[in-house]
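K.L.:
We have chain V; now place chain W onto it with these hints.
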Amino acid sequence: MATAPQFPGLDFGDKFRFWPKHNEKIYERLDAKHAWIEEKRAAEGDGGMAATEWSEVDPLEHEMILNMGPQHPATHGVLRCVVKLDGETIEKAVLDIGYLHRGIEKLAESKTYQEFMPYTDRMDYLSPYSNNVAWCLAVEKLAGIEIPERAEWIRMIMCELARISSHCLWLGVGLMDAGAVSGFLWTFQQREDIYSIFDEVAGARFTVSHSRIGGVASDLTPRSFELIRAFCDSFKEELARWQKFLNRNRIWIERNKDVGRITKEEAIELGMTGPNLRGSGVEYDIRRFEPYLKYDEVDFTIPIREEGDCLARYFLRLEEMEQSIRIIEQCLDRMPEGPVRADDAKQAYPSKDEVYYSMEGMIHDFMYTDVGTQAPKGANAYHAVESPKGELGFYLTSDGTGRPFRVRINAPSFTNLQGMEYIMEGSLVADTVVIIGSIDPVMGEADK
Amino acid sequence: MRDDERNAQPKQEKREHEALKFYYTPMDEARADDSESNPHAKGATRIPDVIKALVDEFGDVVWNVETYAGEDTVFVEKEKIREVCQFLRDDLGFNYFSDCGGIDRFTEDERYEMFYNLVSLERGKRIRVKIRIEEDDLSVPSVTQVYRAANWNEREAYDMLGIKFDGHPDLRRMYMPEDFEYHPLRKEFPLLGVPGSLPLPPQTPEGELTMDPFAAAHGSKPTKSYLEPKSDYADDTDNE
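Chains as they are written, first to last, in my numbering: chain V, 10 to 457; chain W, 726 to 965.
Bound conformation, chain V alone (with noise of 0.2 Å):
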């Protein structure tokens, strides 16, 4: 049997003990774990599993071990994965998360529901506007806040530009651990222009809170107007260019392809959510599931795709990007003119305005600063959006003051990352960098 390291940590005596202690039960678990690639395997044979000596089994002593992480360029932020290795494949994977465990659902209990948006930004870092827009979802649905039509074609196309900036990271940092270096200095260009309309529309490039209860912050101006509309004519030539570079591309394809496999079954018994499980043929997204903003009312197809490994979730994603810059185009021209706020103090900030030059609208100010919005004793209500990595959605429950109760944040990454575990397995230890690009976790918000 592979023997767990020593672990330099135990130098600390007793004082410090949780590390060693820590490490131990993974590899505890590492060894107890009736792992898939066991599972296929015993298929082959009689159906039973192997009961050999270990020396039969692994005479020369094939076995190992392998730490990846928590800091691995190619982890996307800090996952440690624990494999056991036969050879190159993977035999057993355990994966460590909460290292960036930050408690938000704790933090919320103490912010008002306005005061934890900027929070919601630094869950998935990569698409701030998605997780605002479900959070304020989330909370008007709770208190029953409606929200003026104009705001919510405005939190639909950042909603969409979001997933865009989302999947050209996830495409650029993909090459990368492909070996492409510079698709992510071209992915990282159309970033940049992404934040140049964020920058313009709320006034901040990376952690936007731009969207709010009740509404959004400020309207659009006519600039933004036109970035907007320059980035989707750019975007689609440059997408175009991309694939035309990729799709027919031998080593993308062969790397991509057949690796990191997940049948439909499979996908829906793990939990997947998002691209992940789509990729592998379920048709289910929140946008059509249950419409939310005005999903409902713009025309746009959902990519589906049958073969579930990395080939088939980059080229569902790229599609995806196609149909959100289609659904900016269509939000643009179907966007009524409007407030972008709801017009109840009780419901909404006022604009700034009214609290410089009028008292009530200071007042208004100061009181939903101190008290926030209020929802009904023992309410409780969950709202998912489809967020670039899948289904995010908050269960709030409220005692009626003007703070959460109760915040259960349900996000993607945590539960893709939960199906790579199994994933993993029975891959080779090479692919684990592109298995892990293309399920695309963010440890921001699987940490919480």
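Worth flagging that the hints you see were computed from the coordinates, not collected in a lab. Careful, some of the hints might be misleading.
Think about it this way: if two alpha-carbon atoms lie no more than 30 Å apart in a straight line, the pair counts; the simulated BS3-like pairs of lysine-lysine are [stated by the list, open to error]: (1) 120/V <-> 855/W; (2) 767/W <-> 855/W; (3) 34/V <-> 803/W; (4) 355/V <-> 386/V; (5) 955/W <-> 912/W; (6) 889/W <-> 355/V; (7) 266/V <-> 120/V; (8) 805/W <-> 42/V; (9) 912/W <-> 115/V; (10) 120/V <-> 889/W; (11) 30/V <-> 949/W.
Footprint (simulated), chain V over chain W, 3 or more residues, beta carbon under 8 Å [claimed, not checked]: (12) 764-775; (13) 846-857.
Away from chain V, derived, C-beta distances all over 12 Å, residues of chain W [to be verified]: (14) 784; (15) 788; (16) 796; (17) 802; (18) 804; (19) 808; (20) 812; (21) 816; (22) 830; (23) 861; (24) 866; (25) 887.
We put the beta carbon where it would ideally sit given N, CA and C, even for glycine.
P.N.:
Leaving out everything else, chain W in the frame of chain V:
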């Protein structure tokens, strides 16, 4: 006048600073009929036929159905949660496990709650099943045999709230280290943490372990993350 009374200090009015409290005005209780007016209510969460099927199958095990914002929450007996999930998956088509998590209701009688969000992909419906858990008996049947995807979520609930899942294949802590004594999402766990509960590595190469990362907030002097150069102007008592 008795002796003890004579010797007693004259009562002085306490003139301690009291923090200004702000009392929120709690809103009305949530009413089921609010759901009609809720602009965000979805059709996917209205499932009267599913609830009827559940009641027909399990009878008293389903002891309450709550509706708010167009969402039905079905309360079932804790012991029967696995059977209910099995029935929902096999007979009613709720094959996709979306989410589950725990709630600490703190002052209420049955202190903890677990909720399970299930999705039927074919029918396009959602259901939320809830169980209540007594503080004295924190063990809950695990649903990992029914929904494999519940594995990490249940581990998270175990880590954060201390709810124990019977039959879970791998009940380790999710975020916190293995022998961390507390469950941080419980309401009584302080927001700034318990000093000394999670010793962190030394902040300087040769230094001591950091026993309290939020020392200043707990009323003591924080450890410096760097070796401060000696200054002529610094207060001597400061460096002791």
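K.L.:
With d taken as the least Cβ-Cβ distance between residue 808/W and chain V, does d exceed 12 Å?
P.N.:
holds (19 Å)
K.L.:
Given the hint that residue 120/V pairs with residue 889/W, test it: the Cα-Cα distance must not exceed 30 Å.
P.N.:
Given that 30 Å is the threshold and the Cα spacing comes to 29 Å, the pair holds.
K.L.:
For residue 830/W, which was marked as not at the interface, is the minimum beta-carbon distance to chain V over 12 Å?
P.N.:
Per Cβ check, residue 830/W is inside 12 Å of chain V; nearest 8 Å; violated.
K.L.:
Checking the smallest CB distance to chain V, is residue 887/W really beyond 12 Å?
P.N.:
Consistent with the label, residue 887/W stays out of reach of chain V, its closest Cβ about 14 Å off (over 12 Å).
K.L.:
Once the closest CB in chain V is found, is it more than 12 Å from residue 861/W?
P.N.:
holds (21 Å)
K.L.:
Over 12 Å from every CB of chain V: does residue 816/W meet that, or does the non-interface label fail?
P.N.:
Given a closest Cβ separation of 17 Å, the condition holds.
K.L.:
Take a quick look at whether residue 955/W and residue 912/W sit within 30 Å of each other, Cα to Cα.
P.N.:
violated (43 Å)
K.L.:
Decide if the proposed pair is consistent with the structure: residue 120/V and residue 855/W, CA atoms, cutoff 30 Å inclusive.
P.N.:
Between residue 120/V and residue 855/W the Cα gap is close to 26 Å, so the pair holds against 30 Å.
K.L.:
Given that the stretch 846-857 of chain W was listed as covered by chain V, double-check it with a C-beta distance under 8 Å for 3 or more residues.
P.N.:
That given contact holds, which follows from 4 residues of the stretch 846-857 of chain W lying within Cβ reach (below 8 Å) of chain V.
K.L.:
Is the Cβ of residue 788/W more than 12 Å away from each Cβ in chain V?
P.N.:
Label holds. Min Cβ-Cβ 17 Å, cutoff 12 Å.
K.L.:
For the stretch 764-775 of chain W, do three or more residues have a beta carbon lying closer than 8 Å to a beta carbon of chain V?
P.N.:
holds (count 7)
K.L.:
Going by Cβ atoms, does residue 784/W stay more than 12 Å from chain V at every point?
P.N.:
holds (25 Å)
The structure is inconsistent with the numbered hints 5, 6, 7, 16 and 22, although it conforms to all the rest.
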